[in-house]
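S.K.: Residue strings, one per chain:
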Amino acid sequence: MAEVLVLVDHVDGAVRKTTNELLTLARRLGEPSAVFIGDGYDAAADTLGRFGAQKVYKIAGADVEGYLVAPKAEVLAQLVERTQPAAVLIGSSAEGKEIAARLAIKTNSGLITDAVDVQPGEGGPQTTQSVFAGGFTVQAYVSKGTPIITVKPNSASPEEAPASPAVEDVDVTISDAAKSARIVETKPREKTGRPDLNEAAIVVSGGRGTSGDFSPVEAFADALGAAVGASRAAVDAGWYPHSNQVGQTGKQVSPQLYVAAGISGAIQHRAGMQTSKTIVAINKDSEAPIFELVDFGVVGDLFQVLPQATEKIIQTKG
Amino acid sequence: MKIVVCVKYVPDAQGERTFNASDNTTDRTGVDGLLSELDEYAVEEALKIVEASEGEVVVLTMGPEDAEQAIRKSLQMGAHSGVHILDDALHGSDAPATSLVLAKAIEKINADGQADLVITGMASTDGTMSVVPAMLAERLGLPQVTMASEVKLEDGSVTIRRDGDVSTETITAPVPALVSVTDQINEPRYPSFKGIMAAKKKPVQTWSLADLGVDAGEVGLDAAWTKVDSFAQRPPRQQGEIVTDEGDGGQKLVEFLVSRKFV
Ligand SMILES: Cc1cc2nc3c(=O)[nH]c(=O)nc-3n(C[C@H](O)[C@H](O)[C@H](O)COP(=O)(O)OP(=O)(O)OC[C@H]3O[C@@H](n4cnc5c(N)ncnc54)[C@H](O)[C@@H]3O)c2cc1C
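Protein sequence lines, in the order shown, are assigned to chains A and B.
Counting with the working numbering, you get residues 1 to 318 for the letters of the first sequence.
Counting with the working numbering, you get residues 1 to 263 for the letters of the second sequence.
Hints listed in this document are in silico derivations from the structure and should not be mistaken for laboratory results.
Glycine residues also receive a C-beta, built at the ideal position from the N, C-alpha and C atoms.
There may be inaccurate statements among the hints.
Claimed, not checked - Below, a list of computed lysine-lysine pairs in the DSSO-like style, where the Cα atoms sit at most 30 Å apart: (1) A/K106 with B/K48; (2) A/K191 with B/K194; (3) B/K152 with A/K191; (4) A/K179 with B/K227; (5) A/K179 with B/K200; (6) A/K106 with B/K104; (7) B/K227 with A/K277; (8) A/K144 with B/K104; (9) A/K144 with B/K108; (10) B/K48 with A/K277.
To be verified - According to the in silico footprint, chain B covers these stretches of chain A (three or more CB under 8 Å from chain B): (11) 9-17; (12) 42-54; (13) 66-74.
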């Protein structure tokens, strides 16, 4: 069976859940080979094996860290040439898509971004994408070169398939040109203790209706163990960080449950949450477009509804 | 200072966007088009940079006849000239082909003076792939500094701030470079009456594939490196239960969450 290259998304060896999803999808297409770039492999080894990596290509950090995406694309291009994989799977983050973009040009290969499903097909992997703010689904495939596919978080539930991967240290040469854009400073974001927006099973978002007071939204989210999101109106007003924005120009999330509080439901916001499994909204205005999408809606003031609900959840959980 | 800004003419997101059943491409006939809102940020940033020193902003677009409106709007905002790549063979081009054509056009623009910066938006509002900037950088061999929420130019280098998921990064590259900007970077201006009048006299060149030396066989739907098998309209979500809060809205909400096992 052909190899399927999976680019590991990690922070110092802490593997993101999306990588486990990619390894799970890769097993449908062939034998997963994890490509681990950077430092901290020891922390990652166990997870990669558990989710079925048959091989690991390990590329040490010095020449790739501290630069933007170009060196990573060069690493992958060299591996694609060597291994002739059935596909390359990369997480659909901003960085993942840029790496995929450069890899596609380097290897003369077709690229599909933001897949929500990948299945084996006759002529190669078949993908499903959700387009036009979630209004359409599109089935597509790559017709040239090596299929390069970026996959959205939460597109598959990670399934374990323990393997003991053969680990190979790969020496790659990175061009000087690829190292021309340098990261000169990194300020880590403050940790909130809440789950990651991309990966969370439940997301609770607040909009302009919070009038800048996110405390009822946060308390409700914490009672549910949820991540907190925000509409662009709330972000533009400076009430919540941009990294928490949900929508076309923020995160596109697809949790089990999405709760929108004080959010009207503009098309650009929908683009980031419409594929959530269950949708709930709290809004003062019974005509708000968000109610067209909901499984359950409360017409009311979020400052009344959320605190009551939070208290009730805490009681119920006892 | 010379800056090339790549812009796209897109169907309005407020309209009913759909596909052509005949060839699975985006339907551009039924919906009004406009300059992609995310490209307004790129035009604005370019204008701010040349206004702070001196120089010219050239807007570049590839698209059908109507796409000239995207150039017009940019010229009204204050850009100096436009280049429109127009060719029937381009219909259905994918991102690799688009980046090829834009790269060739930028090389031709560079022939009478190398651009210091190529600036793009963070994504188009229709395709939303967000890959053309990186592809362009790859093709042009330019350093790539993308998703900028702040851009600073000094002494032959460009420095940006990028607000990532886990951190905020400062990234530096020598110019010439390719920069993409987010919708956090500035507040795009509205064209003034003076700007609208002035735009009428600004030069717009129209180039064909032949002018760029690109073979028509390398672009368009047939040459695309990916193929769409089919598309389907997602069934509209069925509206569920809506209750009006009469002092028990929170409790009812929790009852729903319990019934779905979220609590
Ligand atoms: C190119 C582009 C990209 C964009 N990208 C995004 C994006 O990524 N994400 C995004 O969210 N938006 C995005 N937008 C903006 C989008 O169009 C809307 O402006 C935005 O989503 C509105 O945010 P909102 O729903 O919080 O505010 P509003 O539309 O003002 O809605 C506020 C809602 O709160 C309700 N409300 C007020 N008070 C209360 C209360 N006490 N209790 C309960 N309800 C209350 C009101 O009834 C109203 O429905 C984008 C726009 C453009 C042009």
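S.K.: Which hint numbers doesn't this structure obey?
M.R.: Hints 1, 2, 4, 5, 10, 11, 12 are the ones this structure does not satisfy, whereas the remaining hints hold.
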